[in-house]
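Number of protein chains: 6
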Amino acid sequence: MANPSDYKHEYFNVTFPAEYVAHVEINRPEKMNAFKEVMWINLQKIFQTLSHDPSVRAILLTGAGDRAFTAGLDVQAASQGSMSQTSSDPARTANALRRHILDFQACITALEDCEKPVIAILHGISFGLALDMSLACDIRLSTTTTKFSVKEVDIGLAADIGTLSRLPHAVGNLSWVKDITLTARIFGSDEALTHGLVSGVYADKAAAVEKGLEIAKTIASKSPVAVVGTKEIVNYSRDRTVADGLRYTAVWNAAMVQTQDAKDAMLSGLQKRKPTFSKL
Amino acid sequence: MANPSDYKHEYFNVTFPAEYVAHVEINRPEKMNAFKEVMWINLQKIFQTLSHDPSVRAILLTGAGDRAFTAGLDVQAASQGSMSQTSSDPARTANALRRHILDFQACITALEDCEKPVIAILHGISFGLALDMSLACDIRLSTTTTKFSVKEVDIGLAADIGTLSRLPHAVGNLSWVKDITLTARIFGSDEALTHGLVSGVYADKAAAVEKGLEIAKTIASKSPVAVVGTKEIVNYSRDRTVADGLRYTAVWNAAMVQTQDAKDAMLSGLQKRKPTFSKL
Amino acid sequence: MANPSDYKHEYFNVTFPAEYVAHVEINRPEKMNAFKEVMWINLQKIFQTLSHDPSVRAILLTGAGDRAFTAGLDVQAASQGSMSQTSSDPARTANALRRHILDFQACITALEDCEKPVIAILHGISFGLALDMSLACDIRLSTTTTKFSVKEVDIGLAADIGTLSRLPHAVGNLSWVKDITLTARIFGSDEALTHGLVSGVYADKAAAVEKGLEIAKTIASKSPVAVVGTKEIVNYSRDRTVADGLRYTAVWNAAMVQTQDAKDAMLSGLQKRKPTFSKL
Amino acid sequence: MANPSDYKHEYFNVTFPAEYVAHVEINRPEKMNAFKEVMWINLQKIFQTLSHDPSVRAILLTGAGDRAFTAGLDVQAASQGSMSQTSSDPARTANALRRHILDFQACITALEDCEKPVIAILHGISFGLALDMSLACDIRLSTTTTKFSVKEVDIGLAADIGTLSRLPHAVGNLSWVKDITLTARIFGSDEALTHGLVSGVYADKAAAVEKGLEIAKTIASKSPVAVVGTKEIVNYSRDRTVADGLRYTAVWNAAMVQTQDAKDAMLSGLQKRKPTFSKL
Amino acid sequence: MANPSDYKHEYFNVTFPAEYVAHVEINRPEKMNAFKEVMWINLQKIFQTLSHDPSVRAILLTGAGDRAFTAGLDVQAASQGSMSQTSSDPARTANALRRHILDFQACITALEDCEKPVIAILHGISFGLALDMSLACDIRLSTTTTKFSVKEVDIGLAADIGTLSRLPHAVGNLSWVKDITLTARIFGSDEALTHGLVSGVYADKAAAVEKGLEIAKTIASKSPVAVVGTKEIVNYSRDRTVADGLRYTAVWNAAMVQTQDAKDAMLSGLQKRKPTFSKL
Amino acid sequence: MANPSDYKHEYFNVTFPAEYVAHVEINRPEKMNAFKEVMWINLQKIFQTLSHDPSVRAILLTGAGDRAFTAGLDVQAASQGSMSQTSSDPARTANALRRHILDFQACITALEDCEKPVIAILHGISFGLALDMSLACDIRLSTTTTKFSVKEVDIGLAADIGTLSRLPHAVGNLSWVKDITLTARIFGSDEALTHGLVSGVYADKAAAVEKGLEIAKTIASKSPVAVVGTKEIVNYSRDRTVADGLRYTAVWNAAMVQTQDAKDAMLSGLQKRKPTFSKL
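Protein chains in written order, with numbering that gives the first Met the number 0: chain A, 0 to 279; chain B, 0 to 279; chain C, 0 to 279; chain D, 0 to 279; chain E, 0 to 279; chain F, 0 to 279.
Some clues are possibly wrong.
Because identical chains cannot be distinguished in the list, a pair is counted as satisfied if it fits within a single copy or across any two copies.
Said to hold, decoys possible - Below 16 Å or equal to it, Euclidean Cα-Cα: the simulated EDC-like pairs (lysine to aspartate or glutamate) are:
#, residue 1, residue 2
1, 7, 88
2, 44, 5
3, 262, 88
4, 146, 203
5, 35, 9
6, 278, 88
Note that these hints are calculated values from the structure, not bench results. Small disclaimer: the values here were computed from a predicted structure and weren't measured.
Working from the sequences, and respecting the hints, build out all of it.
Right under this line is the structure:
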C-alpha cells in the first residue's frame, strides 16, 4: 500500500472504507467545496498515487457537507491567482494562459488517467468544475435534489477544463448538450438521468454514497487485471474507430489473458465460491 | 449590423424579434416548405451573413405555416434540376453528381459553421431535409404532433446531405438510428425525445417557438465570446479524441479568456446586476 | 441466390421466412446457445455468404429455444481450445493469443461487415458474447424478461471480442457503460432501452421475433442500393468526423444515385404503387 | 469551356498555351509579385473556375518577370488592410483575426481543391507565400537560381496560410523542415531537391516553364477521369491511414472504372495509337 | 513448419534458401510475370501461411526471369475476368466493382499484414502492380536497369490496389509522387533512390537478390519477437500520431519485453556469441 | 530566468553560451554517455524547466567526450533496475512494464514538449536511445564519423521509447526505415543525410557543435512568439490532416499575431536594424 502520508493533502480526506476501496472527499464545505489552485494540484497528486496503489481497486469521490459536491471554481481566489497573470502583449498573455489551462486540465485528467475506476457522487450544488471533474470519472450518481449547471458562460468563458470535450462523448443528446452549455441553466437529476449524464439517482446524499460504495465494493471484488483493462479499453475506444479499438484490445489482452486471475475466476465460478486475486 | 438587404432572399423571412436574436423562417408553406435548389443556396447565404453579423448572438429557425417544418426535398423540382444532369459515361455522371452533392452539403453545413447557435423548431411534417438541416443546428425542439421521417430510402437513396453523418454523433441509441434510417418509418416526438434527437417537446408550434425564442434570448444575454467559443469547442470535440479536444480548447481560450467580458460578467455577478457585452 | 449448401453449418439454422429476408438461428439450445470455436467460425461463413447473396436484403438473428439468446462463451470448451495454447515464453504466448483474438474478433465483425442489415433478437439469457455479437448487428430488440450481462470481468478478463469497443459508440450514457462493464451485473430491458442498447422491448420472444421480422420485411421492400448505402454510411460516420463522413457519402452516392431504383421509387410514389427493385 | 471573362482578374493572366492546358501567371512584376488581399481572392476565383472547366485538364502556375515567383505577402499593404483590424478587447481581435486567417487559408487551399493538377514554377525570389501556394500545388519545379525562404518568423509570425501544415507531409526530412521554418534562412534549389521540396531543377525560368508545360501537356493527354481521381486519392491518402485510403479508393473507383476512357485507353494501347477522351 | 503443400500454388515458387528465410518467386516469366486473378489470390494464400509459419522469419520476393519483376496487371486477362462484370444499372455495377477492388486490395495487403518482414527485389520491368505490391513490402531494392512506372493513368484509371494510398507515406517528395502518378512516365533507380522509393540499388538482378538474401538472413538471425514487433509498430506508427504510436508501443512491449529472447540476446552480447531463439 | 539550481542534475551540464541559448550536455563520458534511469528522469526535469524559462529561446543538446553522443541504454544498469521487476503473473508483470515504458517515454517526449527548439549534435557512437532522443528534438546535425544504429533488435526488443513511432514521420524513405530498424546495422552520416535523418553533416564534433550553436543563435534572435508557434504548429501538423493543421493554426495565430513582436519585426526590417523582443 502507498504510504498513508501520500494521501495527506489539504482540503481532501482520503479513507479506506472497505477492502481495496478508497474514498476521496473534497473537504472545504464552508465554501461549498469551491476549488482554488492548491486543490486541483492536490487532487492530481492523490489520484496519481491511487492509480498505482496495489491496495486500491475502486475509488469513491464525494464532497464534504450537505450543500454541495462543489460549487465549482472559487472565482474570487482565481481572480487573484495565476489566471490573472498578464503581460501588456496579448500574445505573451496568451502563452501564459495556455500553459495555465493545460496544467489545470492535466490535474482533472488525472481522474481519467487513474488506472482504477472512480465513482463520483454528485449531490447538492454541482456547478462548473463539478461537471469537469465528474466527466473525467467513470460512474456518476446523483440525488433527487442535485442542482447541476455548466456555469462557465455565466462568467464570460467557454468551459475549458474538460466539460466541453468530454460531454459530447458521455451523453446521448447533443441538442441537450448545447442547451445546457450555452444557457448555463440549472437542471436536476431527472434530466441528467434521461439524457445520460448520470446512471443512477438516489433519495439523498447518504443513499447515493451508500450505493456508490456498494458499486465500488463490487468492482473491488473482481480481478484487478480485468477491471483495469476494462476501464482502459472503454476510454480508448470512446475516442477512436471500432477497428482501432479492436486492434488495441487484442494487443492489450494478449498479455492480460495470461493472468492467473482468469483461471482462478473460472474455477471459483465452477466451485461457487468467491475468488481472491493478488495485488496489481 | 449587416445590411437588411443581405437578408432578403426568396423563400425566407429573416426578422429580429429581440435584441441580438434573429429569426429565420422557411417560407414556402404552400408546398409544405419543400426545398428546391435556390432555397438551399439562399439558406447558405443567410447563415453566412448571420455568422459574422455583430448584431446577432442567437438564431431561431422555423418553417412557415401549420403543416410542416419542411416536407424535405421538392422531388419534382429536383428531378428537373441539376441532379438530373447525366452523361452517357457513368464516371462523368458520377463526377458531376459528386460536385453537386458536395455543394448541397456545404449549404446545409453553413448552419453548423455559423458562429452563433441555431435553434430549430421541428413541427408538423419534418421529413428528409428537415433532419439534415436540424442536425446541423445546435438545439432541436419539437411539438407533440411533429411527424419525423428519414425519408431517403423511400426514394431509393441513402441520405447524403448530412443526416447519416451527423445522427450517430447526435443521439444515444445506434439501434434506433439504424431503425429509422433503414425503414424510413414516421415517428413522433416521444421517440425523438427518448432517444435524444430533440431536447424538448411542447404542446404545439406556438409553444415550441415561444420556448425557442426564450432560449435564444437567454443565449443572447450571455457574453458572445463565451457563446461562440462554447459552440465551436463542443462541435470540435464531438468529432475528435478528448485529448485533441482539450488541446484545442487550451489554445482557443488562451486568447478568449483575455476578454473584458469575463471581468464584466464576474463583477456583475457579485453586484447582482445584468452585464452588457460589446459586439462581436 | 447462394447455394443452399452454403448455409448448412453446424449449430446454425438458416431459413428464408419472407422474400429477401434471411433468418439465422443459433442452434445449440441444450447449452443455452453457448459458443465454442466452430460456432463463431461458422457464423462468419454464414454472414460472408449472406453479404453478397442477391436474394437477401435483410437478416434476422435469433437464438433457438426459450432460455437464452446465448449464454456467451462456452467456458469449458474454451479452456480446452486454442485459448489454452501456451508457450513457456510469455511473449510467444502473447503472440499466439493476439492471433487468436484477432481471428475471433474478425468472425464477429462479419456481422458488421455484412452489407445487409442484421436485426438481433435478444431474449432470455444474453450474456457476454450476446453483447459482442448484437453490438455488431444493426438493430437490437429484446423482451421484458431478457437478462443482459457484460460478463467478462467475472471470469477475470476485459471483454475483447467487441463489446468494449462498440458500446461507447452505440449507447448514450457512458456512466452506465462503465457500470455494466465494470460490475458484470445482470440488468434488464428497461435499462437497456433507457440507456440506448435496444430500440424496442416486446412482451416475449415470439412478439420480439415477429416485430423483428416485420422490420426485416420493411427493409427488404426498399431499394437494396439505398439500404446497403445507408448501413455503410452510418457505420462509417459513427467512427469518423462529420466532415469525413460527408466526403465519403458524396463519393459513395456519386455512383449510387445513378441507380434505376431512384427513378422507380419516385415514380411508384407518385403512382401510389409498390416498386420492385432488381437484385443487388 | 468557362467564359473567358471568368478568367479576367486583376494581377493575373490566364492563357491556354495548349489543348486542355491552362497557364495562370501572377502578374505584379513591379512588386516582385507580392500579394495583397485582392490577389489571393482573385487566385481563389480563378482556380474555382478552372476546377470545373471541362476544357482544362492541367494547369501551370508561374510568376511574371525575371525576379520573383513571388516575394510573398505585400507587408506594407497587409499592415493597412484587414489584418490591422483590432478591437481594444484581445478576444474580439482574436475572433476577427481568426476569420481573416481562415478566409486567407481558403483562398490558397483552392489550389489543392482544384480538381485538375497544378504545376508551380518557382523561380527567383520565392519567399513566404511562395511556399504556402506552391505546397498547395501538385508538382513543384525550380531553377538553379531560385531563392527560397519560409520568411514568416522574420516578421514575428508563425506561417499560418499553409506552409507549416503541408510541409511535414510534402518533404522527407523533418529536421530540415524545422531548420528552414525556424531560421527563415534563404536556401537554394540544391537543398530543395535533396530534401524533397521540388522534383526538378532547371537551368533558368524559361527551361523550367518549358518543362512544366511539357508535363502539363502529358497530363492533359491522359484520361481526365484517371487524372482527377489520381490527384484526389493521393491528397486524401496523404492525410490518412493506409486502410482509410484503400477504402476511399475502392468507393471512388467503383464509379470511375466504369468510364469509357478505360476501354478507349486499353484499345488505343493495343492499337499503338493516341486515345482521345471526352470532356469531364 | 507449415506443410510444404501449403506453398504449392500456381505461378509461384516458394523455397527456403537459408534457415528461417523464405523466398517467394513470381513465376510467369513468359508473360513478364503479369498478374491475372488467380495469381493475386495465390499470393494472399502464400503470405497468410508465411505469416504464421514458425520456420519463417524473413521473406524475399522476386520475379522469375530476366525481363521483369512484373509488368503489372495482365490487361487482357483482366478484361475477360470479373472486372468486366456489369449490370445495366451503374449503381449495381459499382457495388460489384467495389467488392472486387476490396478483394484485390486485400490480397496485396496480405504482404503488409504478414507478420514477418518482406524484401522485394525490383528488377527489369516493374510497372503498375509492381509498385502496389512492393509498397506493401517492407524493404525495396532495385537494379541499375529497373524500369519503374505507375502505369494506371495510361489505361484510364487511378491506381486502386494500394500505390496511391501507400506512396505518400513511403517516400519523401510529394511533388515527385504527383509527377510519377499523374504522368505514368517510366523512371529509373536513380530517381527511385533519390526520392526514397528504394533503399538500395545494385548492379544487376543477381547482385540485388544476393543483397536481399543477406538482409533476410540478418533479420532471420535476430529475435523473432523483436522483429515482428518492429514491423508491426513501424507500420502502425506510419499511419498515426506519435502519441498514439507511443501508447500502442507501450502496450505491445508490456508483453513482449518479457521474452526470454531479451535475456538471451543480452547475455550473448556480453559473451560475444551468437544467440539462438526459439520459434515464434 | 529559472533558478540556476534548477539546472543542477547529475550527469548533465547546463550552460548558457549565448544570449537566450542554453546548452545541455550529457555528461557520462566514461560510459560513452550511456543512460541509466536517473539520467532520463533528470533529462525530463531539465527540459521541463527550459520550456518555461523566459531566458531561453533555443537549446543545444550534445554528449560529453569524443567517443559518443550516447551509446544508448546502459544495459547492465537496466537489467538491475525497474525493468527487472517481475511478478510470477505475466499480466501483472505486463502492467508494471507498461507503467515503466510510459514513464520512460514521457521523459524523452519532454524534448518534443519543450516549447523552445532543440538542436541535437550526433557525434561518435549514436546508438539506441541516441535515436529516440534526437528524434524528439527539432534539428539533427551529425559528423562524418558518426556511427548510428537503431540497436534494439540486437537485444531482443522492438524499440519502444520513440524511435519506431517518430522515424516514419521524420524521414523520407520507409524502405530504409525498415532496413535500419530490422537489421540494427550501423550506418553513417551519408545515409542519414540522404534519407533525411539529419539535415547537416560536419567535419567533426567541434564543427558540428559550432554550426549548431550558430543555428541556435539565429533562432534566439527571432521573435520567441514566432519561434514557439512554429515549433508547435509543425509538430501538430506532422501528426494530422492538413485541414486540421490549418484550423489549429488559425486559432493559434488569432492570439499570436496580436504580438508587438510582429510590429517591431516589420519596422526593424524597414529600418534595416536588428529588433529586440521582450521575454516570453
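Checklist entry - Under a CA distance limit of 16 Å, which applies to residue 44 and residue 5: within one copy, between copies, both, or neither? => result Within one copy, since 8 Å is at most 16 Å while 21 Å is not.
Checklist entry - How would you classify residue 7 and residue 88 at a CA-CA limit of 16 Å: within, between, both, or neither? => result neither (40 Å within a copy, 32 Å between copies)
Checklist entry - Should residue 146 paired with residue 203 be assigned to within, between, both, or neither, using CA atoms and 16 Å as the limit? => result within (12 Å within a copy, 29 Å between copies)
Checklist entry - 16 Å Cα cut-off: does residue 262 pair with residue 88 within a copy, between copies, both or neither? => result between (63 Å within a copy, 12 Å between copies)
Next on the checklist: For residue 35 and residue 9, with the copy left unspecified, which applies at a CA distance of at most 16 Å: within, between, both, or neither?
Outcome noted: within (11 Å within a copy, 35 Å between copies)
Checklist entry - For the identical chains here, do residue 278 and residue 88 meet the 16 Å Cα criterion within one copy, between copies, both, or neither? => result This pair counts as between: shortest inter-copy Cα distance 10 Å, intra-copy 53 Å.
The earlier numbered hint that this structure contradicts is number 1, and it is the only one.
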